[in-house]
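Listed here are the chains, written in short residue letters.
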Amino acid sequence: QKEVEQNSGPLSVPEGAIASLNCTYSDRGSQSFFWYRQYSGKSPELIMSIYSNGDKEDGRFTAQLNKASQYVSLLIRDSQPSDSATYLCAVKNNNNDMRFGAGTRLTVKP
Amino acid sequence: DGGITQSPKYLFRKEGQNVTLSCEQNLNHDAMYWYRQDPGQGLRLIYYSQIVNDFQKGDIAEGYSVSREKKESFPLTVTSAQKNPTAFYLCASSRGSGDIYEQYFGPGTRLTVT
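Here the protein sequences come in this chain order: F and S.
For the first sequence, the working numbering begins at 63 and goes up steadily by one.
For the second sequence, the working numbering begins at 4 and goes up steadily by one.
What the hints contain is simulated information worked out from the structure, not anything from laboratory work.
Accuracy of the hints is not assured; some may be wrong.
[Said to hold, decoys possible] List of simulated lysine-lysine pairs, DSS-like, C-alpha gap at most 25 Å:
no., chain 1, residue 1, chain 2, residue 2
1, S, 12, S, 86
2, S, 86, F, 64
3, F, 64, S, 74
4, S, 17, S, 86
5, S, 60, S, 73
6, F, 64, F, 171
7, S, 12, F, 104
8, F, 104, F, 171
9, S, 17, S, 73
All values reported here derive from a predicted model rather than from experimental measurement.
Let the hints inform the model, and build the full structure from the sequences given.
Below is the structure:
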């Protein structure tokens, strides 16, 4: 079992819709969770971090964390074509090692 | 401007040659990291350093070496012992290494070995 799992996609949504990206992790002791956006050929860019159960909102982005279910998600409201990228879920495990999922590729169609 | 720089952006080498990738940060971050990214895979940790003159192996350290002589710099050498060196190499840094600290990435170096 991979430490961090994401659906590879591609996930395709129309412009203006809500994109929902999901991630599960295996280390129950994990305390810190991050979402990165990576445009093709570029390096990952941090967009959200979340440490407590529940929702955390930042502009059009909402991160949701459920530690009991070992599940973290990212919602993007009012999706724009510029949101088209690969989204990486990252989890700091019990040893404070950052583990990355393989990423979900999102395409927002005009 | 504060940030992380990596050079060069693209690097081409012949098999059997060692090559050193540069990573510099002016964020005053204590911790620095090297990752490797292959198509369709998550980032894998090569080496990390929590403080000057100290570093630890990550999950895939074989065939790589690092040094941390200055807080700002964490160069990575890809040696001829690395069996599959062609990849996208990413340097990251964070204020600390505890669970609350976020990692920020440099622009990356794409290495091609033929």
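* To do: Please flag the earlier hints that this structure goes against, numbers listed from lowest up.
  => Checked against the structure, the hints that fail are numbers 3, 6 and 9, while the rest are satisfied.
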